[in-house]
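Line order of the protein sequences matches chains A and B. Quick note: the first sequence, position 185, residue 185 per our numbering, numbers continuous. Each number in our numbering corresponds to the 1-based position in the second sequence with 523 added.
Keep in mind that the hints are not guaranteed to be accurate.
Pairwise CB distance ranges (calculated) [as the list claims (entries may be wrong)]: (1) Asp30(A) x Ser907(B): 51 to 57 angstroms; (2) Ala332(A) x Asp754(B): 55 to 61 angstroms; (3) Arg319(A) x Val545(B): 31 to 37 angstroms; (4) Pro514(A) x Gly831(B): 46 to 52 angstroms; (5) Asp30(A) x Glu788(B): 45 to 51 angstroms; (6) Gly225(A) x Ser907(B): 42 to 48 angstroms; (7) Glu592(B) x Asp98(A): 53 to 59 angstroms; (8) Ala951(B) x Pro507(A): 53 to 59 angstroms; (9) Asp203(A) x Asp754(B): 46 to 52 angstroms; (10) Ala332(A) x Val545(B): 52 to 58 angstroms; (11) Pro863(B) x Asp203(A): 48 to 54 angstroms; (12) Gly870(B) x Glu31(A): 54 to 60 angstroms.
Hint data in this document are derived by calculation from the structure and do not stem from the laboratory. Ideal Cβ placement from N, Cα and C applies to all residues, glycine included.
2 protein chains.
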Amino acid sequence: MTATPVWSVDPRTGKQREQVAVEATSREVDEAVRAAHAARGALADAVVRAAFLRAAADLLDESAAHVVEAADAETALGPGRLTGELARTTGQLRAFADAVDEGAYLDIRIDRADPALTPPRPELRRYKVPLGVVAVYAASNFPLAFSVPGGDTASALAAGCPVVVKAHPDHPATSELCASLLRRAAVAAGLPPEVVAVVHGFDAGLELIRHPLVTAAGFTGSIRGGRALFDAAAARPVPIPFHGELGSLNPVVVTAAAAAERAEEIGAGLAGSVTLGVGQFCVKPGLVLVPEGADGDRVTGALTKALGETEPGVLLDHRMRENFIAGVRERAALAAVTAPVTPGSGGEHSVGAGYLTVPARALVEGTVGADADAGAGAGGSGGSGHEVLLEECFGPVTVVVRYADQGEAAAVLGLLSGNLSATLHLSAAETEGGAGPAAELIAQVTTLAGRVVVNGWPTGVAVAPAQHHGGPYPAATSHSTSVGGTAIERWLRPVAYQSVPDALLPPELREANPLGLPRRVTP
Amino acid sequence: MTATPVWSVDPRTGKQREQVAVEATSREVDEAVRAAHAARGALADAVVRAAFLRAAADLLDESAAHVVEAADAETALGPGRLTGELARTTGQLRAFADAVDEGAYLDIRIDRADPALTPPRPELRRYKVPLGVVAVYAASNFPLAFSVPGGDTASALAAGCPVVVKAHPDHPATSELCASLLRRAAVAAGLPPEVVAVVHGFDAGLELIRHPLVTAAGFTGSIRGGRALFDAAAARPVPIPFHGELGSLNPVVVTAAAAAERAEEIGAGLAGSVTLGVGQFCVKPGLVLVPEGADGDRVTGALTKALGETEPGVLLDHRMRENFIAGVRERAALAAVTAPVTPGSGGEHSVGAGYLTVPARALVEGTVGADADAGAGAGGSGGSGHEVLLEECFGPVTVVVRYADQGEAAAVLGLLSGNLSATLHLSAAETEGGAGPAAELIAQVTTLAGRVVVNGWPTGVAVAPAQHHGGPYPAATSHSTSVGGTAIERWLRPVAYQSVPDALLPPELREANPLGLPRRVTP
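My request is simple: use the sequences and hints to build the entire structure.
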């Protein structure tokens, strides 16, 4: 059997740039996982882990020019965006180093023995231990921040778990470069380089999720790919947690009062959010509820103007470009759907931004089987294919749904599956909690999303302690987050020690608290 | 179609006592779930939830005589044990009411906006919201503490989730009685009674896990039943978390020094733990590593003596009795296995306690396919069926494995799957952290179990803030706990609010902190 080559491709031309690697065989995946498993003990020391994460951040920053050039050559995302993404990535590595130092993620709880209770309570000391080897599936659209040196890798290493990354085929050279930097950082911190490995190839990704020594997985990508891996993780003899971020429509609601107040600002802001990164963000607003009537027309007018002025952009690969063009065509062909600015081909290798519109009534009536409970008139009587408007279309396009009243807006929201984000644009009066639909909208979208944004845009997911980047399925396959301070929790499991003598406890749990960790003590 | 009757059966005689209910049809399951879903909003108020949980505890306590009598009649667990179990159950309900009052489970995190950061950080406020309707699958062996009014029900209600319990066929009358008390408590607290429902029947249990409005499930039972439900939960169009406690061997290691020091105490203690509740605890020690030689013989001698003096007991139902007798027979027939005190039939409706022994060498050599990585000589060359000794056998029996040295003990531990608990019996010198195998044993069993016990017994799982009752698969299908303060976490998901005006935030997240909740603020 000959090895399958892995090519780095220039999306601006569609041409192969260089052969970067070969796809990993079963045996190579097995070797990478076993080597990572064997190296896990070296990650037990929190001080070493924190030093490793900081060394990795430093090395990536020192290599910024090289990394950005490599990533731009195979993603066409541009040096500006990629420089920002690298800063986000190294900031994330350092934030997890700080989290390791602080130790709150161990969620230490200590219960003193209490013989006076019925039944008597023994001494219990609980903390969290790393799961073991973690599989990370890199995202197409973030060659750094959600790929080899990205959030899942950083949080898993911070937790003490070795990582085997399945590289994304859109940026294999960047993946190899980043992996080599991470491994150099590991060695610099006194760790075996095997704590981070990269494999290429679709089949290698499947081997990885099925490997007995893999204990958990993180994924950012499509519903189809993510669900296949989720199913494989669940079907294992020993099932493992699969933290997948699969797809999100990221609904936006513009209230009538907000449209009346600042239609132009909203329309222009929407255009900016939809076209950021050529529409290739998982939190791109994909469905926007805009009121019918003159104020709503001003919103769409501003959107039309801004999108019309947007330069065509290059998508991450040619398959995505074809899918985008086909996806737009399929949606635009539906009854009652129009395309005031037609998105689609912007040249041989680029695409143009645009948007589609549909009346809320047509969307609700044309949608079947979305949610029998929504009471939205779907009724199972057979629709006309409008449910595709409720699916994510990757690229610079959004669907504007024009609604007549709050009941229609609520009915459209009732058709939606889970989302990473939901955004409301409210008037100044509505933000003061007075009259208007704001409170009901907040309550409804809270059931639909992992993050609720008011008077902003969902793109730009801050790396912050309170962040939550997840949401009901298919936004995520678990209730954990892939961004922010609590992302480390997905790679840990609790263990309680009952009546274990102090000398035999892990240092984290000893009475004298030699590591100075935060703990909750029940006397 | 005629309704299938649900009978309450006396396990002491095998006779039907009374028809309690009928099995729920698909339509009835659907109605119960929809009614629970419709009632979920009423659980949003934390003060009302806490009052409800306390009212339920009070009503159960007031009805103690009635509840204990009902449970004893169909489980034969005896009034003493059941009185204790009821106290545990009501204590648990009150502990979750306290947790609701305290509010730490909301894990509130607030990040102040910081425009000076690159990129600027918006204001983020995160807490957790209830998932929605929870399905609880009651356990056979705890008609109260892990059934209708048990831990999963209490923690789900505390989280704000309505509950539909699939009753266990071993105690349908107790289930109905407890459900009626819970529903009375709901009404007394001003809640609709539909926040708790009970359904009967195997098919109803499957309908429940597949229902689109069910958002999560808790289960305590067998590997076979639990895995089938886990698979169904994962295969849904929208997969849901399935928190199952499936099976555990609960290994015990007696070190040579501990045996030398207090063999008789250990042997007698082991007998007590193995026979408690007629061996029907999920944390019953099922595999005990005892050193070869005279000190080990003293341990087994004491075990023999104590088990020989144990009265036969009645198992929960006749199918369990048949499985127990068949399971013992299968294990006793293996090469190198002996039965110093033969467990098995203790009369027409009861069983006698006993134990089996096997040399570690024979167990390791006779085991195939347990874990290719254990390096324990399994080697895939075909064993002789000893792997059944590594499976839980429900009832009053344990397997004593005699080991020659620490390497053999470690090899046996290396064969094991995940466990709820692992227990070490150490000498006084070993507990001081000096010489001896203690530290290595602690490290090894930490990888195998959710709770590590030293110089005690795993039976008796304290309801306490730091408790963890879970463990690697098949002990549990998730990394959450079914007992203790953090059990509430399984029914919640985080939501982050970005730049949401104070007046529109949920009260839990408002700047003035009107509910006085604990929060972590990043300035």
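Hint-by-hint comparison with the structure:
1. Between Asp30(A) and Ser907(B) the C-beta distance comes to about 28 angstroms, which lies outside the given range of 51 to 57 angstroms.
2. Checked against the hint of 55 to 61 angstroms, the C-beta distance between Ala332(A) and Asp754(B) comes to roughly 40 angstroms, which is inconsistent with it.
3. Hint check: Arg319(A) to Val545(B), Cβ distance near 55 angstroms, so the stated range 31 to 37 angstroms is violated.
4. Remark: the range hint 46 to 52 angstroms for Pro514(A) to Gly831(B) is upheld by a beta-carbon distance near 48 angstroms.
5. Taken as a hint, the range 45 to 51 angstroms holds for the pair Asp30(A) and Glu788(B), whose Cβ atoms sit roughly 47 angstroms apart.
6. The hinted window of 42 to 48 angstroms between Gly225(A) and Ser907(B) holds, with their beta carbons roughly 43 angstroms apart.
7. Between Glu592(B) and Asp98(A) the C-beta distance comes to about 58 angstroms, which sits within the given range of 53 to 59 angstroms.
8. Checked against the given bound of 53 to 59 angstroms, the beta carbons of Ala951(B) and Pro507(A), roughly 22 angstroms apart, lie outside it.
9. The given range of 46 to 52 angstroms is broken by Asp203(A) and Asp754(B), whose C-beta atoms sit roughly 24 angstroms from each other.
10. Ala332(A) and Val545(B) have their C-beta atoms about 54 angstroms apart, which keeps the hinted 52 to 58 angstroms range intact.
11. Checked against the hint of 48 to 54 angstroms, the pair Pro863(B) and Asp203(A) passes, with Cβ atoms roughly 52 angstroms apart.
12. Distance hint check: the CB atoms of Gly870(B) and Glu31(A) are about 58 angstroms apart, consistent with the given range 54 to 60 angstroms.
Against the hints set out earlier in the document, violations occur for numbers 1, 2, 3, 8 and 9.
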